[in-house]
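Given chain A's structure and the hints, the job is docking chain B onto it.
Taken in sequence, the protein lines are chains A and B. Here the first sequence is numbered in my numbering, starting from 23 and rising by one per residue. Here the second sequence is numbered in my numbering, starting from 71 and rising by one per residue.
Rather than coming from a laboratory, the hints here were simulated on the basis of the structure. Glycine is no exception: its CB is placed at the ideal position from the N, C-alpha and C atoms. You may find that some hints are simply not true.
As the list claims (entries may be wrong) - Per the computed footprint, the stretches of chain A lying under chain B, defined by three or more beta-carbons under 8 Å from a beta-carbon of chain B, are:
1) 134-146
2) 258-270
3) 301-314
4) 321-330
5) 362-368
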Amino acid sequence: MAKLPDGEPVPDDGALPESALTDVGGRGFGVYLHVPFCASRCGYCDFNTYTASELGGADTDGYVEAVLAELALAAKVMPAPPRVDTVFVGGGTPTLLRPEQLGRMLEAIDRTWGLAAGAEVTTEANPESVDPVSLRALRAAGFTRISLGMQSAAPGVLRILDRKHTAGRAPAAATEAREAGFEHVNLDLIYGTPGESEQDFADSLAAVIGAGVDHVSAYALIVEDGTRLAARVRRGELAAPDDDVAADRYLAAESALTDAGLSWYEVSNWAAGAASRCRHNLLYWRGGDWWGLGPGAHSHVGGVRWWNVKHPSRYAARLAEGLSPGLEREVLTAEQRHTEEVLLQLRLVEGLPLARLDAAGRDAAARALADGLLTGAGYADGRAALTLRGRLLADAVVHSLLAW
Amino acid sequence: MLTERITVPPLLGSNKPGDTDPAAIRNFCIIAHIDHGKSTLADRMLQLTEVVDPRQMRAQYLDRMDIERERGITIKSQAVRMPWTVREGDRAGEQVVLNMIDTPGHVDFTYEVSRSLAACEGAILLVDAAQGIEAQTLANLYLAMENNLTIIPVLNKIDLPAAQPEKYAEELAHLIGCDPSDCLKVSGKTGDGVPHLLDEIVRQLPAPSGGDAKAPTRAMIFDSVYDVYRGVVTYIRVIDGRLDARDRIKMMSTGAVHELLEIGVISPEPIKSQSLSVGEVGYLITGVKDVRQSRVGDTVTLNSRPATESLGGYKDPKPMVYSGLYPLDGSDYPELREALDKLKLNDASLVYEPESSAALGFGFRCGFLGLLHLEIIQERLEREFGLDLIATAPNVVYRVVTDDGKEVVVTNPSEYPHGKVAEVFEPVARATVLTPNDYVGAVMELCQGRRGVLLGMDYLSADRVELRYTLPLGEIIFDFFDQLKSRTKGYASLDYEPSGEQASELVKVDILLQGEPVDAFSAIVHKDKAYAYGTTIASKLQKLIPRQQFEVPIQAAIGSRVIARETIRAIRKDVLAKCYGGDISRKRKLLEKQKEGKKRMKMVGRVEVPQEAFIAALSTSDNPEAGKKK
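One chain only, chain A, in its complex shape:
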């Protein structure tokens, strides 16, 4: 299917406009590393991942070499970068790589830019792809935080989501991770899956809380175009997710997690305390800079967003020729930066300074306050901060604060 480009081309050497480099690191600096491998593809997933049969010969060692090549190119683009505050390895399934492969890339990042003292280094993992041995190896390689894709504790729901782990495996893996020395462990939940009952989700929440993790992410299932799940919904095999059900689930999550001592700090994220919040994600949400390594990875530096070619073979081929793997980029306009600022910061517990809004936006904020979507305390403090109801209607609040 022909598709219009989303952005402008990235120069072959990956060079950034000077304007983007003036205050690098003033907003924090992170590195994202995309691992595009999965043992099998889940029906709901539209991320950039490939199973062995889809890779067409690209192997994991080749992938690691290509990432190291991109890192070398990145060092030239940003010769005097700040120290790296956060690293996040996501996928895909990063733990399909051997711990030493992950360790090697982490080391290269440290060598290139230098990891700051106390840097947060996270990897995602599937519960079935880790064990006590590999977890200890990851910890030893320098990882400080692990994020496990649990999704649900209900076997029926896991089946619909095509997840391969058993219902009890994720909390067990979380316990193993803590025993291996991980202080920060996250469990991901998905709610609103067709067929999920209220009790199923209550069980999932109880399992998460029982695992004693210090961070929970809970996302409403989105049926993305082009996924197997979308096809099943279209054929009528599965019911489309219901927004009212999703709202009920969200409220259940808020209530159970708060009772368990976890408090929300972003619409879909809860943490046991300020130290447990994911600093890498906060970097995204607060407009920080980061370099995204790997196929399909997204980067942001000083108002320029770019993204790499998606397929691992093409990614490796570009780098082998000494070219930037960047596919397209956007140099954000002031208006776009403002839109992103409002859209991202409003989702945070501290909200958005009212001073960042124009007159129409501030009028809208006053109405949103009257409608019970913004907190009185936040407003009195000069901030647009969402109430619980406001969190459920956050997109509408964003539209109104942007005076759209």
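Same frame as chain A, now just chain B:
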């Protein structure tokens, strides 16, 4: 290089325009239903009389406009002069001039039909030998008989295997009171029987008579067409006296005087002539740019020696159906105005004035002769001018008398008086439905449901029935025709003509969103139907309007009395709970896409209503797609 088109001088025979003995003239029209083969028969006549070069012949030669050819209907008529030498019988060898006057073949143009008929002495009643007569044809036949036209019944398409000429000859004979054997049988397709038909026109139809060649000139306008290059081309039949190419003419209804730029005959391309005399049919061009200055039915006389009395029968076209037309994109308003201004040049019956709707923005209240006229105009605006339109539900004109004796003419529900209403009058129509007798019950049920009063019922033949009803016009314009077709598997045909007004128990139903009336949905309906209208619109809107941050009640009300209610529940979740990792662009673009969607929303109070909801709710069918034109 292109070769120039070669025009072969048409053979006008020995009878020259302006110098033709009335005794050698036959003025006739063809009364036929769409698809009964009028245009094909006309093609054969053009060929037989040799007025069209065989190399330039094309199918449906006389139908000029695309829209006519595609819809199979003829909106504007023409008059074609054809020389003919009688081939057979006692008058063989006689040279005559045949003027074939084309009549509009549809329900909304009765007045134009009547003027075309008035220009003729005879009519060919052309009926498809496989289908029999249709209601519209019957109506025009009655009109022709009232005008004392001599009728020649002709069955067409006798080459078709399904043709039943004997059966339908019987039907025609019954209708016009002749013998079935008097019906001529032709095939427009093969040409079979057409020369004989032309001979019979000479034999059976009277020549123009009663005209006075010496009297002050009087010519009747039976059609008036705007042409981009020539301005208005006016078709006339000379009744008395003569017209010369250098005369100054006067329109008797207005007294306006115009210089003649050209007169002539159509054969079938325009041929200039020096003059036109008694009994002849032709065209004139004066340079006026608007058909309103040269109106159908008006009498043309000479400025130098004017007639004292007009020919009579002139009527101002009166709109019967009104609808609001709004551009989907508000910025297209100037284009819509320009397009209507252009259409008006060629359509004396189209009226419009600017109006604004709280819900739909700026548009025009347009008056039409009927539903078909409305559809044609809407389609031309969309097709020829590339406009996307929302049309409000059509309504008729009501006369409302309030308690304090004031009278208000309501062409738009928003003009309905707020105070106490003493009486409401609605236009009524006499409708004729022709149907196979199997569907008589279904048709009667439909008509009764639409407050019809049965006037009479006749069997045209053993299995075809004519039903005559008085129906409120407002009921006919509201999907009556679609219902009739669907209940009779497409076999029934309908004709109606306005026939005065009646007092009725009518009420105005308002639709309120969160207490705010939405003007575009207000309707004037019979009190027994108010509840059905209210619940239908309310439940349609309930499905069409997306949930808002607050609960939105949808109410149907008569004055302050609520008669139906639906509720759109408040939306509880409007947040993308997925992070998409670092792909912030995707999130922003989703939001920007939603913003585009919001642009297409119309605000009703605080409620955002998508335009699609207006279109779908205003369409009469349950299919939301039907909001767009078929």
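Now the hints, each set against the structure:
1. 134-146: Since three or more residues must qualify, the claim that chain B covers the stretch 134-146 of chain A is violated, with 0 doing so at under 8 Å.
2. 258-270: Answer holds; 4 residues pass the 8 Å Cβ test.
3. 301-314: Held - the stretch 301-314 of chain A has 4 residues with a Cβ nearer than 8 Å to chain B, which meets the minimum of three.
4. 321-330: Three-residue rule met by the stretch 321-330 of chain A, so holds; n is 4.
5. 362-368: holds (count 3)
In summary, the structure is inconsistent with hint 1 from the numbered list given earlier, while agreeing with all the others.
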